[in-house]
Amino acid sequence: MQRKVEFGSTMKKIVVTWIFPLAALVIFYDSLSDWEPREHWGVLFAYTLLTIFSTFAPIRTLNTILTLNNAVIFSGILLFGAWVGVWSAVVETLILAFLIRANPIKALANIGQLVLTIWFVDLFKNSIGNVPASTMITDLLLAVSYWFINIILCGLGISYFFKTNWFTTVQKMAKGTTLTYLLLMVMVGIGSRLFETYGLYTLVPMMAAFITMSFVFHQYYDSMNKLQQKVEEVKTFNHKFLTAMAASIDARDRYTSGHSQRVAHWGREIAKDIGLSATKVEEIYVGGLLHDIGKIGIEDEILNKKGKLTPEEYDKIKQHTVIGYEIILQAGMFNELLPAIRSHHERIDGRGYPDGLAGDEIPLMARILAISDAFDAMVADRPYRKGLPVEEALQEIRRGSGTQFDPILAEHFIRIVQRLPYEELQSIIGIESIPQKQLQEAIR
Amino acid sequence: MLLDVIGLSFVIALLRGGRIKEFPKFHKLSLLFISIALQALSALYPPAGGIFVSISYVFILAFLLFNRQSEDIRIFMMGWFLNSLAIWTNNGRMPIDLEQAKKLPYDLTPVINGTNFKHSILTESTNLPFLTDVIYMPSIIPRVISIGDIFIMLGAFLLVQRLMNKPISLLQLREGKNYATKS
Numbered sequence: 024m025q026r027k028v029e030f031g032s033t034m035k036k037i038v039v040t041w042i043f044p045l046a047a048l049v050i051f052y053d054s055l056s057d058w059e060p061r062e063h064w065g066v067l068f069a070y071t072l073l074t075i076f077s078t079f080a081p082i083r084t085l086n087t088i089l090t091l092n093n094a095v096i097f098s099g100i101l102l103f104g105a106w107v108g109v110w111s112a113v114v115e116t117l118i119l120a121f122l123i124r125a126n127p128i129k130a131l132a133n134i135g136q137l138v139l140t141i142w143f144v145d146l147f148k149n150s151i152g153n154v155p156a157s158t159m160i161t162d163l164l165l166a167v168s169y170w171f172i173n174i175i176l177c178g179l180g181i182s183y184f185f186k187t188n189w190f191t192t193v194q195k196m197a198k199g200t201t202l203t204y205l206l207l208m209v210m211v212g213i214g215s216r217l218f219e220t221y222g223l224y225t226l227v228p229m230m231a232a233f234i235t236m237s238f239v240f241h242q243y244y245d246s247m248n249k250l251q252q253k254v255e256e257v258k259t260f261n262h263k264f265l266t267a268m269a270a271s272i273d274a275r276d277r278y279t280s281g282h283s284q285r286v287a288h289w290g291r292e293i294a295k296d297i298g299l300s301a302t303k304v305e306e307i308y309v310g311g312l313l314h315d316i317g318k319i320g321i322e323d324e325i326l327n328k329k330g331k332l333t334p335e336e337y338d339k340i341k342q343h344t345v346i347g348y349e350i351i352l353q354a355g356m357f358n359e360l361l362p363a364i365r366s367h368h369e370r371i372d373g374r375g376y377p378d379g380l381a382g383d384e385i386p387l388m389a390r391i392l393a394i395s396d397a398f399d400a401m402v403a404d405r406p407y408r409k410g411l412p413v414e415e416a417l418q419e420i421r422r423g424s425g426t427q428f429d430p431i432l433a434e435h436f437i438r439i440v441q442r443l444p445y446e447e448l449q450s451i452i453g454i455e456s457i458p459q460k461q462l463q464e465a466i467r
Numbered sequence: 048m049l050l051d052v053i054g055l056s057f058v059i060a061l062l063r064g065g066r067i068k069e070f071p072k073f074h075k076l077s078l079l080f081i082s083i084a085l086q087a088l089s090a091l092y093p094p095a096g097g098i099f100v101s102i103s104y105v106f107i108l109a110f111l112l113f114n115r116q117s118e119d120i121r122i123f124m125m126g127w128f129l130n131s132l133a134i135w136t137n138n139g140r141m142p143i144d145l146e147q148a149k150k151l152p153y154d155l156t157p158v159i160n161g162t163n164f165k166h167s168i169l170t171e172s173t174n175l176p177f178l179t180d181v182i183y184m185p186s187i188i189p190r191v192i193s194i195g196d197i198f199i200m201l202g203a204f205l206l207v208q209r210l211m212n213k214p215i216s217l218l219q220l221r222e223g224k225n226y227a228t229k230s
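Which chain is which? The protein sequence lines are A and B, in order.
Quick note: my numbering has the first sequence finishing at residue 467, numbered continuously throughout.
Quick note: my numbering has the second sequence finishing at residue 230, numbered continuously throughout.
Think of the hints as simulated: they come from the structure by calculation, not from any bench.
Do not rely on the hints blindly, as some may be mistaken.
What the hints assert, rightly or not - In silico SDA-like pairs for lysine to any residue, Cα to Cα no more than 25 Å straight-line:
(1) B:149 with A:59
(2) B:165 with A:65
(3) B:72 with A:123
Claimed, not checked - Cβ pair distances, simulated, as ranges:
(4) A:42 with B:161: 41 to 47 Å
(5) A:242 with B:55: 32 to 38 Å
(6) B:49 with A:30: 55 to 61 Å
(7) B:149 with A:72: 20 to 26 Å
(8) A:274 with B:117: 56 to 62 Å
(9) B:69 with A:87: 36 to 42 Å
(10) A:42 with B:55: 42 to 48 Å
(11) B:187 with A:241: 31 to 37 Å
(12) A:51 with B:161: 31 to 37 Å
(13) A:226 with B:54: 25 to 31 Å
(14) B:157 with A:155: 55 to 61 Å
(15) A:227 with B:61: 27 to 33 Å
(16) B:66 with A:252: 35 to 41 Å
(17) A:129 with B:157: 43 to 49 Å
All residues carry an ideal CB built from backbone N, CA and C; glycine is no exception.
Next comes chain B alone, as it looks inside the complex (with noise of 0.2 Å):
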């Protein structure tokens, strides 16, 4: 999903001289399990799909709510909070703008069809429009993202240093002090 922000994260990473030390421990992994299994559910059974998914991400809120003591987790966290306000409120489905979905190498049909458990179409009656798939990102991949989706890759990315063994504290950034974290 997020591939090419996740391997530019580790090129970035590389470049700094990071190295893989030790995997990062997360907690309550079986939130995980559940939510994949409930996003699997949701695409075997369309009718009650946006309830499956809707739940799914409260479940995913909920791990990262376990694993909230390094700052990537929370900023993901935020992304994801911010995502699932607009699923929650539009039938657990994000709603993606076709005008700039138009632009993505895609088949476009499940998606105006209805058929496609993950996004919907765009329209007036559709609520939080800004906090839904709108904004076309060209690179690396083409895709359409959210205003949640930023936070997202910005997390994923800070994830990844701190696997790479480089960490970036945006509290001490803030503090203006060193960047890295001392380790």
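Same shape as in the complex, but just chain A (with noise of 0.2 Å):
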């Protein structure tokens, strides 16, 4: 498997850094003796005229900017060939590179798969040109083959230079803003071929349904922009709020400063490690910093009193973990919650509180902040005494799993903690209030 990946990756690099920029060069200097004939000077100027325009007059969507120059392209490779393909692309690339000093192997990778795309789809055009149907239909399928063969080579380019999967690059670049260059080479298609019949006229319509579109696609976009921040802003205050309720919750408790946060914390580590989706583990560290709440509903005598506790004043304090259900099931939010907060203490033998579930009955929810709860409790300071050293209190998680914890989820959590380097675990455990970088991690 993990020679599969290598030898993956290596035919990647060669590919984008190697045959890309041959496939360039050999493209560049195959067009060259195209743009030699006197007749082609006009197409070439105008074309780099439109280029220039194109490179400028940008069309905002959602993430990114596109630029209307692959439909400057494929109109070129429509009406002419890939000579005026190439040579608008050869114009933008230049333009590019002297405006904006950028990263010269991902330009040359760049130019690359752009060339390559134009001369598949020159390729493509001149085996269908035999094809007894209409130019609007041969069109219409040139159009949609140079968006699907621009995204696969941009794809790879993508997945070389950002180490991600070529496949799901290409995949989520096919159901995000591409389409619209999509939309934009069908019209070009449609215009080209208008153009040929009627001339230069055609430009007026096509420009007018250019700059309409450009406009609703801003109004549009931007009213999406804002929801996003609105959305962020709502997503923010949510954690400053329930962060702010931890460290109340913390507060009622004065030995417990800051412990919500460390076992917010742990739980997201351990729900990463075992490879959870982005929301589960958002939801884990929410129900991390929610699962004492109950402790509101205990009185201070007892949470805050000095030595022993009796058996009934512990029973009290068991009942939080109820209690906190309760509050949550009322306040009829965070229901996905409400697990985590019943069963923390729950153990896998069966003989915790308050349901005594055993094994796999216990929500992994709760396993997992039992795990996290169980270490912060051991190697934090206390007001009466010095919190135990790391390793003991893993000592301690070894030796209870398999009866206290989830073995499996043990195991991950002792890896967690030995991978972390000694300072940053020091000032993990050393979490007193709410730190900035802390909430912000939190916030994503």
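Make the complex out of the two chains shown on their own, each in a separate frame, by following the hints.
Below is the structure:
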């Protein structure tokens, strides 16, 4: 498996950093002879102007900015042939190379994938030239093939430079804003044919269509952006609120400052480590923040009592899981957190409280938080005692694995802690209030 | 040389509400003087004219390179580079398409005789003909331009806008931001 992955990435490297630029060079050299005849100069001139215009007249979409260059290139291929497309691509690359100091390897790979797309589309165009179908139909096919070949090659480059999976990258691109490209390409296909028949006047309605489209997109994506911002704001507020709530829970108990935050942190680490989805990870973090909310309902004298608790007092403390459950249930929010709050003191062997659940009966979230909770309780300093050394606490967890804790989760947890550098571990254990960095992490 | 383009740029900048505030500073102006001197030499000593002109283009490119922090200069540099390619590959003279040049109200005999130190006639053996002076531009001043000249004109236009304190950033245009840079 490992070898296969390595082989794949070497292949990508060869294609993106060698074959793309080499192909660019060969295709460029091949086009050079097509640029030389006298009757082609006017076309090159016109496409230079079009390329300059399209390079600096973008269409804004949600997260990216699309330029019309691909549409210009495509019209060149349709009306004249690959040499015009390659010319437009070369001019664009030159402009960007002079204007922006780009990474030369990336720039070469990019021009390579672009002219390769042009070359493939031209090849396809020539091969379907004899098919007895309307040019309108073949143009549509070409538009789709341009778009498809482009995202496949582009996706290869992206997957190499950003170390992602090629297939999923292409899939994402196909579903994303590249669809706008397809729309432009289809429009340009129609426009090019109109241009052939009606000449320059075609540009008037075409320009009107493009400008209107760009305006509509602008409005649409602007409101989308605003909405996204609002959602982010609400999320931020939510997290600030929850963190403040966790802090106030901890403040009730003077022994446990910052406890909920740390439990939430460890819970999130475990959830990430076992490969849960981002939303689940997020849920567990919030569950950690709120797991002790029931302590609000425990009398101060018991919670802050110095010395040993009587069995009755201990029973009352145990009630905090059920009280918390009731609070959240009545609030009607965070229903997904109910199991975490009720069952985070359950044990795998069924000797925990409040319900005496065993094994897999205990919800996953609760099993995760049980380990985080126990670990933090052991290592955190308390006013009346120093916290246990981390190694000893891990030893305790190892000992409880299979009786108190889920053995697989415990194993994950021990690995997570052992992986951490000493300073980082100490800084997490020492979290008192609400550090900004943590908060920001939580928001993501 | 580009008087009409520059004049038009000034008018546009004025209409945009621009005023000259301060003249932009250029680095290594000496390179510019060297290249002018080389051009003069080429006129004085025609046998080696092509070499002098070719070298003078290198100096201008170097001058632009030292001043490349503003976008207008970089666009200018690209145009100059494309023209340089045509000059370097054609013995130090810019080939001009006779068919287009005949539309101009100038006497073309020095070009045809080969005594013009700046231009030569475009023939079958001309290298990179698509980068030479082949496009007839009817107004404002009629002339035959090359594709590189498009970029030189664009660069001149942008430079004048910056000079008049109303700079336009192409890169910001590309990013879909407000076209004018805040200075």
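Which numbered hints does this structure break? none
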